[in-house]
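Asks: Given next are the chains, with one letter for each unit.
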Amino acid sequence: MSLEFSEKAKKKIEEIVSRYPQKEAAILPVLHITQQEFGFISDVQEKMVARILGVKPIRVRELVTFYTMLSRQSLGKYHIQVCTNLSCHLLGADNFVDYLVEKLGIKPGETTPDKKFTLSTVECLGACERAPCMMINFNYYGDMDPKKVDEILDKLK
Amino acid sequence: MKEKVLTEHFGLENLHKIDVYQKQGGYRATEKALKKMKPQEILEEVKKANLRGRGGAGFPAGVKWSFVPPTDKPKYLCVNADEGEPGTFKDRYIMSHNPHMLLEGIIITSFCVGISVAFIYIRGEYEAIALRLEQAISEAYEKGFLGKNILDSGFDLDIYVHRGAGAYICGEETALLESLEGKRGNPRLKPPFPASVGLFQCPTVINNVETISNISHIILNGAEWFVKQGLPKDGGTRIFGVSGMVKNPGIYELPLGTSLKDIIFKHAGGMKEGKKLKAVIPGGMSAPILTADEIDIKMDFDSLIEANSMLGSAAIIVIDDKTSILDVLKVITKFYSHESCGQCTPCRIGNSWINKIVKRIAEGKGKKEDIDNIVRLASNIEGNTLCPLGDAAAMPILSITKKFRKELESQLQP
Amino acid sequence: MIKIFIDEEPVEVEEGTTVLKAAERAGIHIPHLCYHPAFPPEGSCRMCLVEIEGFPKLELACSTVVKEDMKISTKSERVVEARKAVLEFLLAEHPLDCPICDKAGDCKLQDYYDEYGLFESQFKETKEKKEKKIKIGKHLILDQERCILCTRCVRFLKEVTKTQELGVFHRGVHSCVNIYDGAVIENNYTGNLAEICPVGAITDEDFRFKTRTWFLKEGESICPLCSRGCNILIQYHAGFSRFELPKRVYRIKARENPEVNGFWICDRGRYGYSYIDEGRTDQIILNKIERENVLTRENISEYLGEKIKSVASAEKASGIALILHTWLSNEELFLLHKIFRKGLKVEKIFFADLPQGKGDEYLLTSETSPNRRGAQEIGFDIKTVDLDALAKGTDFLLAFGPFLSGLFSLKDLKAALDKIKRKVLFSPHSNELDSLFDMVIPVALIAEKEGSLTNVEGIVQDFQPVLEPPGDSLPEWKVLSDLGKELGIDSDFFKKFPTPETILSEMGKTIPFFKRKND
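Chains as they are written, first to last, in this note's numbering: chain A, 1 to 157; chain B, 1001 to 1414; chain C, 2001 to 2519.
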């Protein structure tokens, strides 16, 4: 089964590649699109991206393993990323994580069996004035407490 | 009476839309710069304004621009919107509330230095902000402030948003360039400096979001005015980001030289209910820690250096007396260990080693030589690494072990 | 030229020289791990930090370019402490594999710890666990725990072979080098990776667990497996061997020569050394014994001279035939040309070599012998063997080398050789040819004699013996030097026993190509 980007993604990739004097510079933006399309970047996607940008697949994997936001494994539909850096720690990030661990029944780094939620701890998200905070996919949520968490998660289908 | 430079209109609805922005006087600076000034004049004005970098290093912007040599190669501007320094969130505010102010700064800077392509390298987590920036850029193209022959000046400029993907090290300027070129974010050896050999081997200027956002104001109101809003040697204001155990965490634009005590207790509402001040990190996680007795200090570049700390990203993290300093050290060492790119020996191994020791102490298995070892290892990292991340890790570790030694020692096995 | 001071001694170097190179020139070794002269400075190991007056921080010797009047200290307290610090960091996460690691004795980490370290380990934590036995090349094994991330291997594959099979994955202390999904490195230069690895992270399966480096002696030689003439080091057991005797050679390493092979050698040359020890003929083989003669090394030339004289006279030169090959040295080919072509006017001179191979665009040539160019410059017309022309009217055949058996079937060879009355073979290796000749004289290999070779680009390179010729083997030039005297050819030249040195000098006088600048 040969995997391909959607037409929309192909167009976006073409436009992005045209911005740079060297094709290789477009790798990171293209990897973002890839992760969005497929949910993760496995060796199949690595080879696709490598082909499009004229680099070797090994160079792609070097990046996927370097950057925290790129994932080689498939993630749950909602990736809950809880900040455990200093300001959030001061405002109780540890308890926040414990609450999620109990609520979801998984530990950081794991995905729920129904593949709905993946839980991760991350470093500073740049929203320290709203600590403790989390990011679900790319949406920021600050000033968290158990009640707010319940509300947000219950709304996610 | 000192004025706000950057955040004046932040409460305005739809300020991020070009029509609203223009109604507040937006893009007048661009018109003035491109139609009435020469690049050399702009450079002189920025130099006179004593605008120092707002990313962390504090290097004078005008001086940095003047390092770009005459060349036939294309020149680039990279706006550092990676904002990874823990405690920092000011650039997020600027870009989401007033993206056109940043774009104006980019246009004027590029016109001054002779740059025709600018990249905004924004951290991957700020996806919503990246979209907002792209929308603003679209609007700017439509109104003719970007693209070819801007305002009939003969000057072309394209701005592109380039998203990072979760690596604090990419906030370091040469690692940013590597990442932009499609490689791992491994910092480069300096010399050569980016001003001569930067993006795609071409001369490149790299500046922080807040730094560039000041440019339109300097051009419109003049360098003298700008200096008056701050200090004679450090013109302008800083957007201080206050977080931690205060009543009102958030951004506070205040003149350079404002007292730290005032920022915490006057502007940010003081400590949260029932909490007492124990320590403050004044300039983002890499800045050496200050004890509760040391907060009577002016928040400007030089005063903090004198106090053996630094202004850095002006991110103020307020720590209370119920928080264990060992836990703080654990969070800090975990961060640098996780974010080390791994290229050079001292940072790659040293940070992980120190984190391992701290974790062991936190598990109740600390030995009496552990604190001395931590100090020794951190001192061996400092000054010996390829890029400033090593120093950024060593400085907080050394200041914490120095100023809170007794508390740390009380955590060791008897 | 600019003047600088290293450890208070004045040194003069060219502009643009790095501190590291300048120190080298002054005889001062600055320790370094990630730096390799073949690549631009990397600056990541931090081992080469030195103190320079006027610079607040310690600076890298590998990448800092000297300026007039620079005062550098490679021994100050700060430098000593920094080196210890870097070593301590490296050793903290390094597995204590020395007892089972092939690199021991040849390992930069050991050497530098010995010289600059000598401290007790303070690391009480758990070391990072990584993979320890990944097959990354046809002869290569990668141990990620031993790796110090100098990235020399990654850079070699990027800059030299441009094939990029290795990469660095993950970040921070979890960083590790690896191939992509089992895509084993298959280019012709993989052996260089084990050589440039400063520690035992990349090891060579060909050498794995066979011996200890401190049992090895080494000598300089030239690789004869193609016509590039790469400079090599032959590492051999001095005196005794734990394993099969008489195995002597354990490893071939590259030797730097900017004009010929740069820093590298190819895998064909590196791993193809079994010919040195295996299948050697080390005794004179007599198939058709002349009862009145007892042949030893000493009287071979006398015997041959006698037989040739009985055949050779002005009219009967046509009765002599020669089969040569292009592994012979310049000196040997010159003597052969002088004696037989010029002296005895022999026309039937053929060449039997190994079949052509496939060269690559870098070092390996398609020519599979080291001295074809030498033979050409000396004046030989390199004709391949024609068995009919060879046998027709030939009374005496002098053949060199074992390569005939690869060119013709035994049946055809026997048919041709049976027509020839007397036939003598000089060969280092034993094979089916032995039974077809009257006698086989064992000869030395290039690794066992002295002389010179001319490479594909016309560069003449001297070589000296590294090993002793086994048993009764002797170099061809010795036999030929005696033979020339026996046959009375050019008595002025042959009266004083010519050695490769005097022969090459003579060649410089008579053939412009071989004239050396200092002649």
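Hints listed in this document are in silico derivations from the structure and should not be mistaken for laboratory results. Do not rely on the hints blindly, as some may be mistaken.
[Unchecked claim] Straight-line distance between alpha carbons at most 27 Å, and here's what the computed DSS-like set of lysine-lysine pairs gives: (1) C:2129 to B:1365; (2) B:1073 to B:1183; (3) B:1190 to B:1073; (4) C:2084 to C:2135; (5) B:1004 to B:1032; (6) B:1356 to C:2135; (7) C:2084 to C:2108; (8) B:1359 to C:2108; (9) C:2057 to B:1403; (10) C:2138 to A:47; (11) A:147 to A:115; (12) B:1356 to C:2162; (13) A:12 to B:1330; (14) A:157 to A:77; (15) B:1272 to B:1047; (16) A:47 to C:2108; (17) B:1228 to B:1322; (18) A:56 to C:2133; (19) A:107 to C:2127; (20) A:103 to B:1330; (21) B:1403 to B:1272; (22) A:11 to B:1183; (23) B:1190 to C:2129; (24) C:2414 to B:1365; (25) B:1148 to A:23; (26) A:107 to A:147.
Asks: Next step is simple, just say for each hint if it's right about the structure.
Replies: Status of each hint after checking the structure:
| no. | hint | verdict |
| --- | --- | --- |
| 1 | C:2129 to B:1365 | 22 Å, holds |
| 2 | B:1073 to B:1183 | 22 Å, holds |
| 3 | B:1190 to B:1073 | 20 Å, holds |
| 4 | C:2084 to C:2135 | 33 Å, violated |
| 5 | B:1004 to B:1032 | 21 Å, holds |
| 6 | B:1356 to C:2135 | 31 Å, violated |
| 7 | C:2084 to C:2108 | 14 Å, holds |
| 8 | B:1359 to C:2108 | 32 Å, violated |
| 9 | C:2057 to B:1403 | 25 Å, holds |
| 10 | C:2138 to A:47 | 24 Å, holds |
| 11 | A:147 to A:115 | 23 Å, holds |
| 12 | B:1356 to C:2162 | 39 Å, violated |
| 13 | A:12 to B:1330 | 42 Å, violated |
| 14 | A:157 to A:77 | 9 Å, holds |
| 15 | B:1272 to B:1047 | 41 Å, violated |
| 16 | A:47 to C:2108 | 37 Å, violated |
| 17 | B:1228 to B:1322 | 40 Å, violated |
| 18 | A:56 to C:2133 | 24 Å, holds |
| 19 | A:107 to C:2127 | 24 Å, holds |
| 20 | A:103 to B:1330 | 26 Å, holds |
| 21 | B:1403 to B:1272 | 23 Å, holds |
| 22 | A:11 to B:1183 | 23 Å, holds |
| 23 | B:1190 to C:2129 | 33 Å, violated |
| 24 | C:2414 to B:1365 | 84 Å, violated |
| 25 | B:1148 to A:23 | 23 Å, holds |
| 26 | A:107 to A:147 | 20 Å, holds |
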